[in-house]
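Engineer: Given only the sequences and the hints, what does the whole structure look like? Please build it.
FYI, the numbering for the sequence shown is 88 to 278, going by the numbering used here.
It should be emphasised that the hints constitute simulated quantities derived from the structure, not laboratory data. Glycine included, C-beta positions come from ideal geometry on N, C-alpha and C. Keep in mind that the hints are not guaranteed to be accurate.
[Stated by the list, open to error] Cβ pair distances, simulated, as ranges: (1) Leu198 with Asp159: 21 to 29 angstroms; (2) Arg150 with Pro204: 42 to 50 angstroms; (3) Arg164 with Leu214: 40 to 48 angstroms; (4) Ala183 with Leu214: 43 to 51 angstroms; (5) Arg220 with Ala133: 35 to 43 angstroms; (6) Arg256 with Arg181: 23 to 31 angstroms; (7) Ala120 with Ala175: 23 to 31 angstroms; (8) Ala183 with Arg255: 41 to 49 angstroms; (9) Gly213 with Asp264: 37 to 45 angstroms; (10) Gly123 with His226: 37 to 45 angstroms; (11) Asp159 with Gly107: 17 to 25 angstroms; (12) Leu198 with Glu130: 34 to 42 angstroms; (13) His207 with Pro104: 41 to 49 angstroms.
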Amino acid sequence: MTNSADEPSTGSSSSFPVVGRREKGYQRAAVDAFLGRARRAFEEEAEGISAADIRAASFPLVRGGYQIVAVDAALARVEEAFAQRERAMAVAARGASAWVGQARSEAQVILEHLSRPQGHRFARTGLLTFGYRIDEVDHVAKRIVRFLRDGDELSAEQVRQTAFRMQRRGYREEQVDALLDATIDVLLAIR
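Structural biologist: In structure tokens, the structure reads:
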């Protein structure tokens with residue numbers, strides 16, 4: 088059997104389950120290269136890859152690629168490992184109180200942003216363009232507020248898996264995504 092461009096070049100067995108030839112999954116070579124780079128950075132304690140970089144990783148979709156759910160679950164575990172290491176390094180350098188203070192400050196910024204009136208928490212797209220559905224984003228925003236203000240349960244995985252349908256004049260995706268990323272940073276900081 089010969090390797091195609093979307094298969095790992097190592098010739099070893101697949102790291103993740105592979106979808107059928109007619110289904111699309113993450114390009115295997117891209118996933119393997121990224122995770123190899125992340126592994127080396129983690130083991131060597133080298134800079135260049137952070138928990139945020141792991142969260143932002145994206146891969147081309149190809150037929151016969153790696154199963155998306157399996158790769159995303161692995162990326163979540165890798166992100167958490169990087170976040171724990173970053174927290175340990177920051178606590179060692181600046182102390183636990185500085186780390187907690189920073190997390191509280193970030194949580195306060197999120198709360199202030201989400202205290203805006205429902206339907207007006209983020210900028211909207213233009214009249215003819217699509218954005219995230221406002222009611223769905225506002226529902227998630229309420230869950231985040233309840234977590235930060237009242238201590239309700241919320242996990243980084245729940246925030247990572249959040250998906251919104253689209254609507255005309257919806258919330259701008261990049262603003263919502265940035266707030267979700269900031270929320271995940273706070274969740275990982277306080278674990």
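Engineer: Which of the numbered hints above does this structure break?
Structural biologist: Hints 6 and 9 contradicted; others consistent.
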